[in-house]
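All chains, please: the whole structure from these sequences, using the hints.
Residue 45 is where the sequence shown starts when you use this note's numbering, and the numbers rise one by one after that.
Just so you know, the hints here were simulated from the structure itself, not pulled from any lab data.
C-beta atoms are modelled at their ideal positions from N, C-alpha and C, and glycine is treated no differently.
Honestly, I wouldn't trust all of these hints.
[Unchecked claim] Calculated lysine-lysine pairs in the DSS-like style (CA-CA distance at most 27 Å, straight line): (1) K369 with K387; (2) K83 with K168; (3) K282 with K298; (4) K282 with K210; (5) K427 with K454; (6) K436 with K162; (7) K355 with K454; (8) K459 with K298; (9) K427 with K168; (10) K177 with K67; (11) K234 with K220.
[Stated by the list, open to error] DEER-style ranges, computed between Cβ atoms: (12) K393 with L293: 47 to 53 Å; (13) A356 with Q334: 22 to 28 Å; (14) T383 with E294: 52 to 58 Å.
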Amino acid sequence: MIQEYLNSNLLSVINDEDFKKLKKAADEIAKKLVKSKIKIVSYTLTAINPDISADDVNIIEVKEIIIKNWSTFLSNTKDTPLTYIKAVMLEALNSSSEDSNNSLLIWFASRNIVKYFKLIGEEKRIILDFISKLGNTINQTANKEWALSSGKELVKKTIDLKDITKYLPNEESLTKYLEDAVGPTNKAGKANFDSPNPYLPDEAAEWTYEFPSRTAKGIKIIIDGCLRAIVSITNENKDKIQSVLNEELEVIKKEIFDKNKSSEIRSELLWWKEAGYSTSADISYRELDQSVLEIILAKDYSYLIPVVYPKAVDYFLKGTYKELKVITEQKMTIEDFLTAIQKHSETLKTILPEQELLTGKTNLLYFINGLLWNKLQLTQFEKVVGIELSTKLFPTELVNWLFHDFQLIKITNTK
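Spelled out as structure tokens, the structure:
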């Protein structure tokens with residue numbers, strides 16, 4: 045991300061050493077982020093906000109880390125340190141997004157609010173590209189996991205097995221053992237091994253007693269050697285075959301599990317939509333006050349949906365919501381929505397447990413939680429969330445936004 049900012053002339057780094065210092069700072073921040081899911085959310089909301097204050101706690105924290113790695117940072121960046129700081133934050137977020145859960149956090153934290161930020165020019169392109177790539181990757185993964193048919197063709201598996209090339213008895217060695225069994229010396233007048241037959245054939249009684257055991261021993265040694273060679277390669281081939289079979293069985297098992305899970309979710313969603321019953325409020329959605337429908341519907345829906353899901357899931361929620369809401373095509377302000385739900389704070393507290401406030405910027409649902417539990421005031425919205433209370437949006441947009449925030453909280457609460 046730092047390189048993209050440089051390529052777009054948003055940063056001016058004269059030498060490679062200064063670039064390395066910024067990269068080192070980003071790497072240090074990335075290590076901190078992977079240890080804190082909440083910090084990933086807060087950093088995301090800070091990094092994509094074009095109007096973020098220089099006094100923001102996350103900005104100050106990152107600035108101090110940059111200065112630790114680049115002592116002349118402020119004097120070199122002059123009037124544009126915020127751009128450098130946000131570039132470093134995005135670099136760290138990009139690194140942490142290699143973990144799928146972290147990429148989900150960044151995606152859910154940014155996907156709704158980013159359209160209401162006043163991003164412009166190359167910075168807008170860079171940030172939207174970053175978010176879009178995360179979303180596309182997540183959607184591709186979700187489509188595979190939710191597919192009822194994998195669409196994959198059976199592929200012939202090739203296993204490179206070893207040939208058994210040395211399995212016949214060694215005639216020369218066997219002859220030597222038999223020579224020693226006949227004993228006591230061979231044609232050259234010496235024994236081949238340590239303990240030949242000490243008697244000559246004309247010493248019939250003694251020779252006959254010694255011959256069988258030495259012959260049997262020699263044959264056994266030769267045959268055992270052949271069998272060991274066969275068994276060794278056979279076992280090695282067996283292990284290879286077993287390994288490939290295990291891998292294929294795991295793939296098949298996962299595909300069957302995913303298909304069954306996908307079918308179960310689809311069936312459950314259809315039943316949920318048909319029943320129109322809220323499990324969290326223990327009442328029909330049609331009996332709910334319209335001002336709290338969005339937040340309760342989003343919460344219940346989040347309970348049914350895994351954190352990785354395809355785009356179609358958002359549209360299913362919109363469709364369900366439109367069947368329940370009296371007015372859906374008229375835009376509302378965020379202030380109108382928040383003011384309305386405050387009147388039902390006691391009811392909503394029973395289904396929205398008190399959450400710890402984020403340090404720095406927070407998302408919509410965290411703000412609602414703080415508002416309901418009297419930790420935040422309505423007048424703090426713009427400062428804490430980063431957009432204006434007068435921001436207008438369609439109710440269908442709002443219900444999806446809240447659903448995404450519930451998904452985000454689900455991830456942050458997962459150990």
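Structure-based check of all given hints:
With a CA separation close to 19 Å, the supplied pair K369 and K387 stays within the 27 Å bound. For a cut-off of 27 Å, the pair hint linking K83 to K168 stands: about 23 Å separates their Cα positions. The straight-line distance between the Cα atoms of K282 and K298 is roughly 24 Å, inside the 27 Å bound, and the hint therefore holds. Note on K282 and K210: the hinted pairing holds, with a Cα-Cα distance of about 18 Å set against a maximum of 27 Å.
Distance hint between K427 and K454 is fulfilled; the C-alpha atoms sit about 25 Å from each other, no more than 27 Å. Proximity of K436 to K162 is assessed by CA-CA distance (about 14 Å); at most 27 Å being required, the pair is judged to hold. For the suggested pair K355 and K454, the alpha carbons sit about 18 Å apart, so the restraint of at most 27 Å is met. Under the criterion of a C-alpha separation no larger than 27 Å, the hint pairing K459 with K298 is consistent with the structure, at around 23 Å.
Between K427 and K168 the CA atoms are separated by roughly 21 Å; this keeps the pair inside 27 Å, and the hint holds. Between K177 and K67 the CA atoms are separated by roughly 21 Å; this keeps the pair inside 27 Å, and the hint holds. Straight-line distance between C-alpha atoms of K234 and K220 comes to about 11 Å, which keeps the hinted pair within the 27 Å bound. A hinted range of 47 to 53 Å holds for the C-beta pair K393 and L293, which are about 49 Å apart.
Range check, A356 to Q334: Cβ separation about 26 Å, and the 22 to 28 Å hint holds. T383 and E294 have their C-beta atoms about 53 Å apart, which keeps the hinted 52 to 58 Å range intact.
In summary, the structure agrees with every hint in the numbered list given earlier.
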